[in-house]
Each structure stands twice: as structure tokens, then as C-alpha cells.
Amino acid sequence: MTDRTPVAVAPGLRERIEDFLAHIARAIDDDALEDWPAAFTADATYRIIPREGFEAGEPVGILSCQGRGMMQDRVLALRTANIFEPHSYCHILARPLLAVSADGTIAARSGFALYRTQQGGGTELFAAGKYLDRIVEQDGALRLAARDVVVESRRVDILIVLPI
Amino acid sequence: MTDRTPVAVAPGLRERIEDFLAHIARAIDDDALEDWPAAFTADATYRIIPREGFEAGEPVGILSCQGRGMMQDRVLALRTANIFEPHSYCHILARPLLAVSADGTIAARSGFALYRTQQGGGTELFAAGKYLDRIVEQDGALRLAARDVVVESRRVDILIVLPI
Amino acid sequence: MTDRTPVAVAPGLRERIEDFLAHIARAIDDDALEDWPAAFTADATYRIIPREGFEAGEPVGILSCQGRGMMQDRVLALRTANIFEPHSYCHILARPLLAVSADGTIAARSGFALYRTQQGGGTELFAAGKYLDRIVEQDGALRLAARDVVVESRRVDILIVLPI
Chain X
3 MTDRTPVAVA PGLRERIEDF LAHIARAIDD DALEDWPAAF TADATYRIIP REGFEAGEPV
63 GILSCQGRGM MQDRVLALRT ANIFEPHSYC HILARPLLAV SADGTIAARS GFALYRTQQG
123 GGTELFAAGK YLDRIVEQDG ALRLAARDVV VESRRVDILI VLPI
Chain S
3 MTDRTPVAVA PGLRERIEDF LAHIARAIDD DALEDWPAAF TADATYRIIP REGFEAGEPV
63 GILSCQGRGM MQDRVLALRT ANIFEPHSYC HILARPLLAV SADGTIAARS GFALYRTQQG
123 GGTELFAAGK YLDRIVEQDG ALRLAARDVV VESRRVDILI VLPI
Chain E
3 MTDRTPVAVA PGLRERIEDF LAHIARAIDD DALEDWPAAF TADATYRIIP REGFEAGEPV
63 GILSCQGRGM MQDRVLALRT ANIFEPHSYC HILARPLLAV SADGTIAARS GFALYRTQQG
123 GGTELFAAGK YLDRIVEQDG ALRLAARDVV VESRRVDILI VLPI
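Residue numbers (my numbering), protein chains in the order written: chain X, 3 to 166; chain S, 3 to 166; chain E, 3 to 166.
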């Protein structure tokens with residue numbers, strides 16, 4: 003609770019990470035979904051997990067992707083399947099807490115609130131929770147090696163069309 | 003989606019911009035409305051636009067101000083017209099994404115959630131969306147040359163008394 | 003409203019403060035309540051105050067703690083009284099506005115939104131408002147000497163079990 007914890011994150015690196023995370027959220031919010039898989043490493047994992055199960059050590063995901071290819075397939079399906087897409091998202095990310103490992107991997111924890119707007123409808127809270135990210139550097143760029151989206155409630159729409 | 007995009011924003015400048023944006027939100031939240039027009043250049047534009055129209059290239063604003071004078075008039079009207087003012091705002095701004103042009107103009111995109119509290123009532127989400135700002139430096143101070151408030155939903159109260 | 007106000011906060015100090023504030027929120031959100039009192043000085047004050055009374059100069063708190071011991075007692079009671087604890091919190095903090103006094107004391111104003119999730123229920127906005135903090139350095143660590151939680155609405159659950 004004090005600030006004695008060694009924070010080995012150089013200011014410049016923090017800036018890059020925060021921009022990186024903001025760009026990922028923007029890709030979803032601004033319907034640039036193709037950019038979303040590109041933020042991950044080739045063998046990255048992506049899971050949406052209700053908090054209760056996550057804390058009980060039963061991280062059964064609402065949604066789970068193994069590898070960037072699976073994420074790309076998902077986006078492609080959204081684009082080609084002519085699914086009626088009646089809603090848009092708006093992410094509000096809190097400042098991430100960062101920890102750097104000896105091997106340079108960065109653990110980031112970012113609280114978020116996600117608002118959903120139905121076409122022609124009002125805006126409402128869709129989910130709140132935290133991103134637990136493992137971030138690595140590849141070829142000079144930051145990428146997600148793993149993202150666990152821990153949502154506060156189990157009661158999230160089963161039909162999650164867009165990635166969170 | 004990677005972080006390769008050149009970010010030509012000096013850390014010190016980012017600090018100033020983030021403080022500037024936070025002060026604008028605070029002016030509205032803390033009922034210091036007179037400070038709100040002062041954040042704009044003399045010929046600045048201010049618009050509130052639903053996302054749907056904005057993306058369709060029909061940026062018909064819910065509200066539009068041309069020039070700081072019009073904003074000042076608006077605030078003056080609020081103060082002198084003895085309007086029953088039954089609500090207050092609370093802004094939560096996400097970290098802005100910044101891009102600096104060759105001429106020094108800064109484009110900023112900040113997600114926001116806006117909560118409204120009716121007098122004697124509860125607090126509820128009033129709007130979510132993003133500020134698309136064009137920021138310039140004048141006489142050593144930052145100012146908004148243009149602010150587009152893109153709100154997610156069309157269904158925003160027609161009676162927007164306070165600026166968003 | 004311009005950014006002319008002298009900001010005497012060194013970038014490194016701002017980083018420490020923002021991490022400090024984020025850790026406090028995380029302690030509550032992640033059920034590490036014991037870490038919450040540790041963020042305060044021994045004789046710190048903690049109050050939750052509705053905005054209306056706060057602005058009228060009648061800061062009658064919904065909740066008030068005088069000294070860290072009182073906060074520790076509160077946490078201990080939560081842990082030992084076997085209270086059915088059916089909800090969890092999720093804080094979204096906005097960037098704090100900071101002002102440093104000549105004696106080194108830091109005044110911080112951070113907007114926040116607080117989401118509550120009932121066990122087996124959905125996630126909803128519980129409160130929005132601002133933290134008005136007085137932060138000091140003790141033995142090389144940051145600590146809260148005073149925290150006023152100014153909530154927008156009077157209509158907050160009377161039964162505030164967890165600290166906000």
C-alpha cells in the first residue's frame with residue numbers, strides 16, 4: 003500500500019505501454035477490428051473470465067482464443083458473415099499498474115469500464131473489470147502475449163459479438 | 003495497433019495537455035462554468051455530435067458554438083436566467099491519444115464517461131463518447147481551437163443545459 | 003482554465019502518486035482490505051461526504067474515521083464478524099490534479115466512478131465523485147493524511163460495508 007515497491011518501469015516505457023493499451027481499446031471502439039488481433043503475438047492467449055471463477059481458480063472463460071489466427075478468424079467471421087451488428091463499444095481505461103520481470107515481460111493490470119450503445123438506443127454499462135495483460139516486445143513493437151479480461155459479473159451477455 | 007507509430011509528443015507537453023483537459027472537465031464539474039469558454043481560442047468551434055451522424059459524414063450537432071463569445075453568452079445565460087439547475091456533472095476522462103502536426107497543432111482523442119446527478123436523486127450515466135480536440139498554443143498557454151464531442155447515443159437529453 | 007498555473011510536480015513524483023492512488027483502489031477492489039488502512043498516516047482522517055453538504059460547508063459525513071486505528075478496527079470487524087459480504091467493487095480513477103504546498107504536502111483531486119457487483123448479480127454504478135486527498139511523505143513512503151470522498155449523490159446505500 004505504500005509506494006515502496008520497486009517500480010522498474012522507465013517513464014518512456016510506461017508512455018509506450020499506455021499508448022499501446024489505448025490503441026487496442028480504440029481499435030474496438032472505432033470499428034477497426036482488424037487491428038485487434040495485430041496487437042497480439044502469434045501464439046497469444048485471450049480469455050474473458052468472470053471474476054468469481056477466476057478467483058476460485060476455475061478460470062473457465064466465457065470466451066477463449068488460442069493464438070492470433072483464432073482471433074483473426076473471429077474478426078473475419080464478424081466481417082463476412084453479414085451479422086447484424088447493432089451496437090458499439092466505448093472503453094474507459096484506468097491507469098495500468100505495471101510490473102516488469104527480469105526477462106523484460108511486463109505484467110499490466112488495468113481497470114476498465116465498457117459502455118455499449120445499441121443502434122437507436124441509449125448507452126449503458128456493459129461490463130466492468132480489469133485487463134490482466136502480459137506484454138512483450140517483438141521486433142521493436144509491444145504485443146500482448148496474454149490477455150485475461152476478468153469481468154466483475156457472471157451476468158454478461160452470452161452473445162459477446164465484439165471482443166472486449 | 004503496434005506502437006510503431008511515431009509519437010512526437012514530448013513527455014512534458016503530454017503532462018500539460020492532460021492537466022489542461024482535466025481542468026476543463028473540472029470547470030464544468032465544479033460549477034466554475036466561466037472558466038469553460040476561457041479554454042477555447044476566440045474563434046474556436048464547439049460541437050456535440052451523435053456518433054452515428056458523425057461517422058456518416060453528417061455531423062449535425064445537437065449543439066454548436068461558433069467562437070468563444072457564443073460560449074460565454076451561453077454561460078451568462080445560464081447564470082442570469084435564473085434557470086432551475088437541478089443537476090451536476092462528473093466527468094471521467096481516459097488517457098488521451100495524441101498526435102502532433104508539423105505546425106504544432108495537437109490532435110487529442112479522449113474517451114469519456116459523464117455522470118449526472120439530479121438534485122436529491124441518484125447518479126447515472128448521462129453520456130459516453132470521445133472528445134476530438136484540436137489544441138494550439140497561444141501566448142504560452144494551451145487552448146482548444148476545436149472540440150467535437152462525439153456521443154455514443156443519439157438518445158441524449160434534448161435539454162443539454164450544461165456544456166458536456 | 004489555461005495551463006499557466008505553475009505545476010510544481012516533478013514527473014517522477016506524479017508517477018509515484020498515481021501508482022499510490024491506484025494501489026489504494028486495488029486494495030479495495032481485490033479484497034486486500036488490510037492494505038487500505040496502511041495507506042494512511044496514524045492520525046489521518048477519512049470521510050465520505052455527499053457533495054451537497056460538502057459545498058454548503060456542512061461536511062456531515064456518511065462515514066468518518068479518525069485515525070488509522072479506527073480504519074483498522076473497521077476492516078477487522080469486516081473480517082471477523084462473519085458478515086455476509088455479497089458484493090465487490092471496481093474503481094475507475096481519472097488522472098489526478100495535483101498541487102504541491104511549500105511544506106511538501108500534496109493536494110490531489112481525482113475523479114472516480116465506482117462499480118458494484120452483487121454476488122450472482124449484474125454490475126452497476128454505485129457512486130461517482132472525487133477524492134480530495136492530502137498526501138504526505140513519511141519515511142520515504144507516500145501516505146494519506148486526509149481523504150475526503152465527495153460523492154455526487156446523497157442517495158448512497160446507507161449500508162456502506164466496504165470503504166469507498
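Any given hint could be a false lead.
[Said to hold, decoys possible] Computed list of chain S residues with no C-beta within reach of chain E, every gap over 10 angstroms: (1) Val11; (2) Asp31; (3) Thr47; (4) Glu54; (5) Phe56; (6) Ala58; (7) Glu60; (8) Leu65; (9) Gly69; (10) Arg81; (11) Leu95; (12) Gly106; (13) Ala109; (14) Arg136; (15) Asp150.
[Stated by the list, open to error] Covered stretches of chain X, going by a simulated chain S footprint (3 or more residues, C-beta under 8 angstroms): (16) 17–24; (17) 92–106.
None of these hints come from the bench; they were simulated from the model. A virtual CB, placed ideally from N, CA and C, is assigned to each residue, including glycine.
Here is what the structure says about each hint:
Under the 10 angstroms C-beta cut-off, the non-interface status given to S:Val11 relative to chain E holds; the minimum distance is some 14 angstroms. With a closest Cβ-Cβ approach of about 7 angstroms to chain E, S:Asp31 is found to fall inside the 10 angstroms limit, against its non-interface label. Non-interface call for S:Thr47 relative to chain E: holds, since the shortest CB-CB distance, roughly 17 angstroms, exceeds 10 angstroms. Annotated as non-interface, S:Glu54 keeps its C-beta farther than 10 angstroms from every C-beta of chain E; the closest such distance is 25 angstroms.
With a cut of 10 angstroms on Cβ distances, S:Phe56 stays outside the contact zone with chain E, its closest approach being about 24 angstroms. Under the 10 angstroms C-beta cut-off, the non-interface status given to S:Ala58 relative to chain E holds; the minimum distance is some 30 angstroms. With 10 angstroms as the threshold on Cβ separation, the claim that S:Glu60 sits away from chain E holds: the shortest Cβ distance comes to roughly 31 angstroms. With a least beta-carbon separation of about 19 angstroms from chain E, S:Leu65 lies farther than 10 angstroms from that chain, consistent with its non-interface assignment.
Chain E leaves S:Gly69 outside its interface by the beta-carbon criterion, the shortest separation being 16 angstroms against a cut-off of 10 angstroms. Every Cβ of chain E is farther than 10 angstroms from the Cβ of S:Arg81; the closest lies at roughly 16 angstroms, confirming the non-interface assignment. The Cβ of S:Leu95 does not lie farther than 10 angstroms from every Cβ of chain E; its closest approach is about 5 angstroms, which violates its non-interface assignment. Taking the minimum C-beta to C-beta distance to chain E, about 15 angstroms, the non-interface status of S:Gly106 holds against the 10 angstroms cut.
S:Ala109, annotated as away from the interface, keeps every beta carbon of chain E farther than 10 angstroms; the closest lies near 17 angstroms. Once the 10 angstroms rule is applied to beta carbons, S:Arg136 is consistent with being away from chain E; the minimum gap is 16 angstroms. For S:Asp150, the shortest C-beta to C-beta distance to chain E comes to about 19 angstroms, beyond the 10 angstroms cut-off, and the non-interface label holds. Closer than 8 angstroms: that is the beta-carbon criterion, and the segment 17–24 of chain X has 6 residues meeting it against chain S, so the requirement of 3 holds.
Beta-carbon proximity to chain S at under 8 angstroms applies to 5 residues in the segment 92–106 of chain X; the threshold of 3 is reached and the given coverage holds.
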